[in-house]
Amino acid sequence: MILSASLEQTLLFLPFSLGLLLSYRIARLTDLTVESSFLMGPAIFVNLLAYMPTWLALVFGAMGGLITGGFVSLIQNHDRMTSLMAGIISVFMFFSINLLIMGRPHIPVTVYMPVWINGVIVSMIVIFLYTLLRSQVGLKLKAFGDNSNLFQELFHKKEAYRTLALCISNILACVSGLLTTLHQGYIDLYMNQGLSLLGIGTVLVAGALITESIVKQVLACAFVVFSYFFSSHMFLMLDVSTIYLRLLIGVVLIAMLRSKS
Amino acid sequence: MNSISIHNLTHTIEDRTILKNISLSIPKGQCVMITGHNGSGKSTLLKLIQEGHPDIDKAGKSVILHQNINDNLFCGLTILENFQLFCGKRSVNKIYSTIQQYLSRFKSKPSPYTTVSRLSGGERQRLALYMRLMMKSDILLLDEFTSALDPETTLLLMDEVIDLTKEQNMTVILVTHDLSLIKSRSGFMRVEIENGKLFH
Ligand SMILES: Nc1ncnc2c1ncn2[C@@H]1O[C@H](COP(=O)(O)OP(=O)(O)O)[C@@H](O)[C@H]1O
Ligand SMILES: [Mg+2]
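Chains as they are written, first to last, in this note's numbering: chain F, 1 to 261; chain H, 1 to 200.
If you are wondering where the hints come from, they were derived from the structure by calculation, not from laboratory data.
Computed from a predicted structure; not experimentally measured.
All residues carry an ideal CB built from backbone N, CA and C; glycine is no exception.
Hints should not be assumed to be uniformly reliable.
Straight line, CA to CA, 20 Å or less: simulated SDA-like cross-link-like pairs of lysine to any residue [to be verified]:
id: 1; chain 1: F; residue 1: Lys140; chain 2: H; residue 2: Tyr113
id: 2; chain 1: F; residue 1: Lys157; chain 2: H; residue 2: Glu81
id: 3; chain 1: H; residue 1: Lys61; chain 2: H; residue 2: Glu167
A few chain H residues facing chain F, derived, Cβ under 7 Å [stated by the list, open to error]:
id: 4; residue: Phe74
id: 5; residue: Gly76
id: 6; residue: Leu77
id: 7; residue: Leu85
Build out the structure end to end from the sequences listed, making use of the hints.
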């Protein structure tokens, strides 16, 4: 019971976490905009649902990541501001834009999606990332993250690779938002609060657990996201009040990370 | 034919004139040695040649080895990954034996799968130089590249640079403070930069 619930939640959140693996860990961009994308995807989706088949509305919803990712990349081009600054400003702005697209802060959504489709979508994302990271483009993304000045000197494509990383991570965030919306049956203006921190947290913990190949970190991310949801359920089952939940998880994490190094 | 021609180049950063009225013509295949005190503008001149400037005519492609060692390689990546990035479309199989041959010259005999940050400063610089040499460019810009090298390796690499660049008729600009280099080499064109001005 707990196991299946945790697995289901892992499927919903993993695309988000993997997007951050790409932008935060590999391209070394601190992108908070993923939080806005998590909401923008579903917001676009519900607006289009009446005019087209569900799958097409889902595709357009996911493509919302091109808007958020493209925008946050554009405002930081030529290093006019840091990725952190650009992220903070765009999260701020996209709050209004998301509300504008939604029209009201809470919208029920009644589209049924069987869990196995979630599984297929997430598997496809994992395979895509795995292939990407092993390709020449993946190597260049790593190089961009490692030393963006040298990358620019060699390839003259710094802006393109930043945009690529941010668009992929934001599309994945949209996918997470869409899956979550279908699962819970509504969109809420506040359903994305704090997610970028949680996502970066999972990527960091995964990186601390497995320092070797970046490819293995894809699997480590899945493991960490699952552990997070599983331990949340466990604590709840043990009758730990929700008030103490995150406090406890934090303590466990500190103990675990410190004992490792 | 000139490989690099600089016409009356003046460069200012935030109202400060770093380079003043610099003019210099360098024939193809020539080795130029630039000396001068710290802060006189040597690195700035090399960067401008590398990045391009309206007052600088450059025939062909140039590559630069920066003064700061860690600017020259992707230190978080492996040696092999670095070669892959620097050698572009050439497949790994084709360059693998060349890489092995380069690495065998190192005393510590690193494997191609070693992360660059595990190498010493001097080893990194030597590796970075080899990668520039593999890129087969027309102009090689070296900014105090021997500062982290022991005297023996310095002379060794200098010989390798001179042999290879002669072979490929490459133009070399070398910024250095190393007196042994300045004294021991003939056939170099020597210029000095002082306070942003160039002296022949
Ligand atoms: N990015 C920069 N911003 C401001 N001043 C700079 C910058 N780069 C170099 N300078 C100034 O230009 C002068 C020449 O620097 P540089 O070319 O590095 O000297 P050198 O290589 O001869 O030691 C120095 O006085 C330095 O302070
Ligand atoms: Mg200098």
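Closest C-beta approach of H:Leu85 to chain F relative to 7 Å, hint status: Since the shortest Cβ distance to chain F is 5 Å, the answer is holds.
Quick check on H:Gly76 please, does its C-beta sit within 7 Å of some C-beta on chain F? holds (4 Å)
Please verify that hint: H:Phe74, Cβ, nearest Cβ of chain F, below 7 Å or not. holds (4 Å)
Hold the hint about H:Leu77 up to the distance rule: shortest CB distance to chain F must be less than 7 Å. This interface hint holds because 6 Å falls under the 7 Å limit.
Between the alpha carbons of H:Lys61 and H:Glu167, is the straight-line distance 20 Å or under? Given pair H:Lys61, H:Glu167 holds - Cα atoms ~17 Å apart, limit 20 Å.
With the threshold set at 20 Å, check whether the alpha-carbon distance from F:Lys157 to H:Glu81 stays at or below it. Measuring from Cα to Cα gives roughly 18 Å; hence the hint holds.
Between the alpha carbons of F:Lys140 and H:Tyr113, is the straight-line distance 20 Å or under? Holds - the C-alpha atoms of H:Tyr113 and F:Lys140 are around 17 Å apart, at most 20 Å.
Hint violations for this structure: none, all hints satisfied.
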